[in-house]
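Asks: Chains as they are written, first to last, in the numbering used here: chain A, 1 to 207; chain B, 1001 to 1247; chain C, 2001 to 2053.
Which chain A residues face chain B? A few, computed with CB under 7 Å, are given here:
1. L137
2. L141
3. L150
4. L153
5. P154
6. L155
7. V157
8. V161
9. A201
10. L204
Interface residues of chain B toward chain C, partial, derived using beta-carbon atoms under 10 Å:
11. Q1050
12. P1062
13. A1105
14. L1113
15. R1225
16. R1227
Estimated spans, in silico, between C-beta atoms of each pair:
17. B:A1079 to A:L97: 35 to 43 Å
18. A:I82 to B:D1151: 23 to 31 Å
19. A:M20 to B:A1079: 43 to 51 Å
20. C:G2009 to A:G173: 41 to 49 Å
21. A:G173 to B:I1168: 29 to 37 Å
22. B:W1237 to C:V2012: 50 to 58 Å
23. A:G104 to B:D1230: 53 to 61 Å
24. B:W1017 to A:P175: 54 to 62 Å
25. A:L97 to B:D1151: 42 to 50 Å
In case anyone wonders, no lab produced these hints; they're calculated from the structure.
Only a predicted model underlies this, so the values are computations on that prediction, with no experimental measurement involved.
In this text, a Cβ means the ideal position worked out from N, Cα and C, and glycines have one as well.
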Amino acid sequence: MARNRHQVVQPLVYFAMVVMIVPLGLDPEPEVLARLGPAVIWTAVVLAVILSLDRLLASDAEDGSLELLLTAPVSLGLMLAIKVLVHWLVLGVMLALGGAIAAGVYGLSLDGVVVAGASVLIGTLGLTALGLVAASLTVGLSRGGVLIALILLPLYVPLLVFATGAIGAIEQGLPARGPLYFCAALSVAYATVGPVLAAGALRLSFD
Amino acid sequence: MWTWFHRLSSPPTFYRWGGALQWVFGIPAVVLIAIGTYGGLVLAPADYQQGDAFRIIYVHVPSAWMSLFVYTSMAVAGAIALIWRMKLAEVYVGAAAGLGAAFTALALVTGMLWGEPMWGTYWVWDARLTSELLLLFLYLGVIALDGAYVDARRGARAASVLAVVGVINVPIIHYSVEWWNSLHQGPTVTKFDSPSITGDMLWPLLVMALGFMCYFASLVCLRMRTRLLDRERSARWVADAIGAGHG
Amino acid sequence: MAEWLSMGGYAVYVWSSFGLTAVVLAGGVIASVMGMRQQRTALRRLREFGDDA
Chain A
1 MARNRHQVVQ PLVYFAMVVM IVPLGLDPEP EVLARLGPAV IWTAVVLAVI LSLDRLLASD
61 AEDGSLELLL TAPVSLGLML AIKVLVHWLV LGVMLALGGA IAAGVYGLSL DGVVVAGASV
121 LIGTLGLTAL GLVAASLTVG LSRGGVLIAL ILLPLYVPLL VFATGAIGAI EQGLPARGPL
181 YFCAALSVAY ATVGPVLAAG ALRLSFD
Chain B
1001 MWTWFHRLSS PPTFYRWGGA LQWVFGIPAV VLIAIGTYGG LVLAPADYQQ GDAFRIIYVH
1061 VPSAWMSLFV YTSMAVAGAI ALIWRMKLAE VYVGAAAGLG AAFTALALVT GMLWGEPMWG
1121 TYWVWDARLT SELLLLFLYL GVIALDGAYV DARRGARAAS VLAVVGVINV PIIHYSVEWW
1181 NSLHQGPTVT KFDSPSITGD MLWPLLVMAL GFMCYFASLV CLRMRTRLLD RERSARWVAD
1241 AIGAGHG
Chain C
2001 MAEWLSMGGY AVYVWSSFGL TAVVLAGGVI ASVMGMRQQR TALRRLREFG DDA
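Excised from the complex, chain A in its bound form (with noise of 0.2 Å):
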C-alpha cells in the first residue's frame, strides 16, 4: 500500500528533527545531553506518533473504507485491533531504531541505548493503541488534530514517566527492568481494550 509510505516518513522526519535540533539549541556539553536525552527522545516520539494518527482513521474514513469496515461481517474490534498492530510494527520498529540511534548520538551508554530501544518499541505500542481511541473519538471532525494532542496528553503521560525512567535507571546503574515490565504490561492493556472502545466509538459516530 503506497499509502503506508507516506504515513511512516512524515512522522519519522518529524522526530529526527526533533531530536537533531535540540542540541543545537543547548551547549553540546556530553553531560547535560546524556541527562536530558531520554525526555528529548521520547518527546519527538511522541509527536511523531500524535502526526501518524491523523492518517490511521482519517483517510480510510474520506474514502469511504471505513463504514465498508463498519458493516463487513467480522469484528470491528479485531479489525481495529490489526490496524494498532500493523500501525505498530511498521512505524514502532522505525521509531525504536530512530530512538536507540538517538540515544548513542545523546552520548547514553550502550546499556542505555538498549533500553531506549527496547522502551520505544514497547511503548509505542500503547501509544497507537490509545492514539486510536482518541481518533475514533474524533474522526470526521474538521480539526480534530488539535483535539486528538489534547485528549492524549493526560493519557500518555503514564507511559511516558515509566519509558523516560527505565532510561534514566540504567544510566544510573539501576535495573531498568521494573518500568519496562511497567511499560509493556501499560501497552498490552491498552492494546486489548483500545480497539474495542475505538469499535465502540466509532460505532457511536456511524449511528
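Fit chains B and C to the supplied structure of chain A, relying on the hints for placement.
Replies: Chains B and C alone, transformed into the frame defined by chain A:
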C-alpha cells in the same frame, strides 16, 4: 421498578424536578459556604506551624475533592449513558464538565498560593499537583470533545467515552507520577501535606465541602436543563416549558 | 480587625485565594444562568420565525 426509573429520567420530568432541585440545593449551598467561610477565616484557630496561611485549605481542599468527585461522577454517568443509552446520563457529562474543570483550576491556583508562602515555591512536580494538572487536561478534553460536534448527541456520547477512558487512567497517572517522584526526589516527597488538623479546625472544612457539593448539585441541574432544552428543541414539552405555546 | 485582615502577614495569599474562589463560584452561577436565558431566548425566536432545527 424500572418504569419509575424511566419516568424519572425522561427529559420533561427532569426539567420540572430539576428546576425545584436547583433551589433545594442552591439555598443550602449559600448558607453552608457562608458558614464555612466564616468558620474558616474567623473562628478556626491559627495553625501552630503555618499561621493564618493554612486557612487556604478551606477553599483548596474542597475544590480538590470536588474536582475528583465530579470527574468520577462523569465517568459513572458516561458508562451508564453508553451501556443503557440513557439520555440524561449523557447530558450530565457535558453539564458537569465545565464545573469540574473550574474546581480543578481553583484547586491548582489555591494550591500554588498556599505553596508559595509555605514552601517557597509556587509549583512542585509532586504526585498530587501533577495529577491534578493532568486532571485539568482530562476535563478540557471532555469539554472540547463535547462542544466539537454540531450534533449535540454525538458530542455527548464521545465525551462519555472519553470520561470513562480518562477515569481509568487517573489512578494510573497518579501512581506513575508518584513512582517518578520517588525516583527523583527521595524522602522529601510529601511537601504539600496539610497540617495536622484538630476538631475546631476540621468542621469549617467539612461545612465548606458540603457547601461546594450543594453548589455543584444546584448548578448541574440548571446546566442539564439548559442542555435538554437544546437537545429536545423540537419536542412538545419544550414549547410548553419556554412558554411559547405555538402549535 | 486590622490584625485579622493581615492574616499574620499572609494577607496576599489568603485573600487572593478566597477572593478567587468567590469569583469562580459567582462566575459559575452567572454563566449557568445566562446560558439558560440565552437558550430560552434562542428557542423562542426559533418558534416565532419558523422552526428549522
